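Q: Line order of the protein sequences matches chains A and B.
For the first sequence, position 18 (counting from the first letter as 1) is numbered 19 according to my numbering, and the numbering increases by one without interruption.
For the second sequence, position 160 (counting from the first letter as 1) is numbered 161 according to my numbering, and the numbering increases by one without interruption.
If you're looking for bench data, these hints aren't it; they were derived computationally from the structure.
Small disclaimer: the values here were computed from a predicted structure and weren't measured.
A portion of the hints provided could be inaccurate.
One copy or two, it doesn't matter: identical chains are merged, so the pair holds either way.
Claimed, not checked - Derived DSS-like pairs: lysine-lysine, alpha-carbon spacing no greater than 27 angstroms straight-line:
(1) K154 - K201
(2) K154 - K200
(3) K189 - K19
(4) K19 - K200
(5) K154 - K189
(6) K86 - K189
(7) K5 - K189
(8) K201 - K19
(9) K86 - K112
(10) K189 - K112
(11) K145 - K19
So you can see what is in the structure, the chains are spelled out below.
Number of protein chains: 2
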Amino acid sequence: MSGKGLLLVISGPAGSGKGTVIKSLMEKSDAFAYSVSATTRAPRPGEVNGVNYHYITREDFEDRIKNGGMLEHTSYCGNYYGTPKKEAEEVLESGRNLILEIEVEGAENVKKLYPEAVLIMLLPPSFAVQEARLRGRGTEPEEKILERLSRTKEEIPRVVNYDYIVYNYDGGAEYTAEDIISIVRAEKLRQSRNDQAAKKYFE
Amino acid sequence: MSGKGLLLVISGPAGSGKGTVIKSLMEKSDAFAYSVSATTRAPRPGEVNGVNYHYITREDFEDRIKNGGMLEHTSYCGNYYGTPKKEAEEVLESGRNLILEIEVEGAENVKKLYPEAVLIMLLPPSFAVQEARLRGRGTEPEEKILERLSRTKEEIPRVVNYDYIVYNYDGGAEYTAEDIISIVRAEKLRQSRNDQAAKKYFE
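Extracted from the complex, chain A is given alone in its bound form (with noise of 0.2 angstroms):
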């Protein structure tokens, strides 16, 4: 994958403000995309195909993955979740940074295929701040609210596989949309991305 926008993981679990954040980071700046993902899952109402997800047939799904058509895919609650490869290169290939919104197992695979990507875990001030929020939605049902918790539960541990944590405060989005923009400003500079800058120098 060529390019020089910057491959941008940002993982988070249930209640951690992701879609607001993200919302945020575009409406803030122009230098973001955000690569809508495919899923084999029903939409949840009020959820758009094409804007929330690509929604497709799990036979669709598994052709793409034959065909190398998927950057990254993940199961996930026995559905596909999954970026559409073709997708995420035009993006870079803009020099904007691509923002992947995905699950820790994929992030996982995505930084064994793209050392460059940078891995962003979004977390809730808390555990106890993420099961508030998941019960004040009032959306779901107990049992998925249990489900969320536990797979949480088992996913923060993995949080030593992302390079950055940050946390969304309650009422806070923009800031934590800021702290991302800062992330990405800072990555840029880093000398391990800049590694012919000794030789340009002397041009």
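Starting from the structure of chain A, add chain B where the hints point.
A: Then chain B, alone, in the frame of chain A:
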């Protein structure tokens, strides 16, 4: 060394505009503090003791090295330069980020002793611009200018030992200062600096 402040090492060849950038940084944020280095070299016209440097004798400097009173020190053009340890520790313990403006060798030594230090190399846009800036100053004899340029040629390849490379464009000191502020904001969010995050999340 304890405390929550970040140990920030800023190096840059003559003509990189270190002084202007650090001044802008201090004006923009009170989270930064500058540790005044000690040196055995004579003050240049306009330089003030305790502001630009602590100007001390060779005997005094060597005593401090022996007694562990220097966080780091180096020798450059026949003079000692170093960071008094007590002053540095006071800043870090106050929670502010400590800026050390030091030469390449000193920076490398700091990184060995304090791997958590963040090393930033500030560069003019190119060697040609650096040369033009030095001659434009009109404050130094040609011999000194050639010595500085020759030193730069030796030092630039050692930029691989730095964490970040920041270019300081003409008239761009404020932007450069914001680059450094972004680096600090991002560094504080690094997973490797928050290795108790998973544990704390469930507390």
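Q: Next step is simple, just say for each hint if it's right about the structure.
A: Structure-based check of each hint:
1. K154 - K201: For K154 and K201, only the inter-copy Cα distance (12 angstroms) is at most 27 angstroms; the intra-copy one is 47 angstroms.
2. K154 - K200: Close across copies (11 angstroms), not inside one copy (47 angstroms); limit 27 angstroms.
3. K189 - K19: The answer is both: 23 angstroms in one copy and 20 angstroms across copies each meet 27 angstroms.
4. K19 - K200: between (40 angstroms within a copy, 22 angstroms between copies)
5. K154 - K189: between (33 angstroms within a copy, 24 angstroms between copies)
6. K86 - K189: within (23 angstroms within a copy, 32 angstroms between copies)
7. K5 - K189: both (10 angstroms within a copy, 25 angstroms between copies)
8. K201 - K19: between (39 angstroms within a copy, 20 angstroms between copies)
9. K86 - K112: within (15 angstroms within a copy, 40 angstroms between copies)
10. K189 - K112: Both: 17 angstroms inside a copy, 21 angstroms across copies.
11. K145 - K19: Cα proximity of K145 and K19: one copy only (18 angstroms, versus 55 angstroms across).
In terms of the numbered hints stated before, the structure departs from none.
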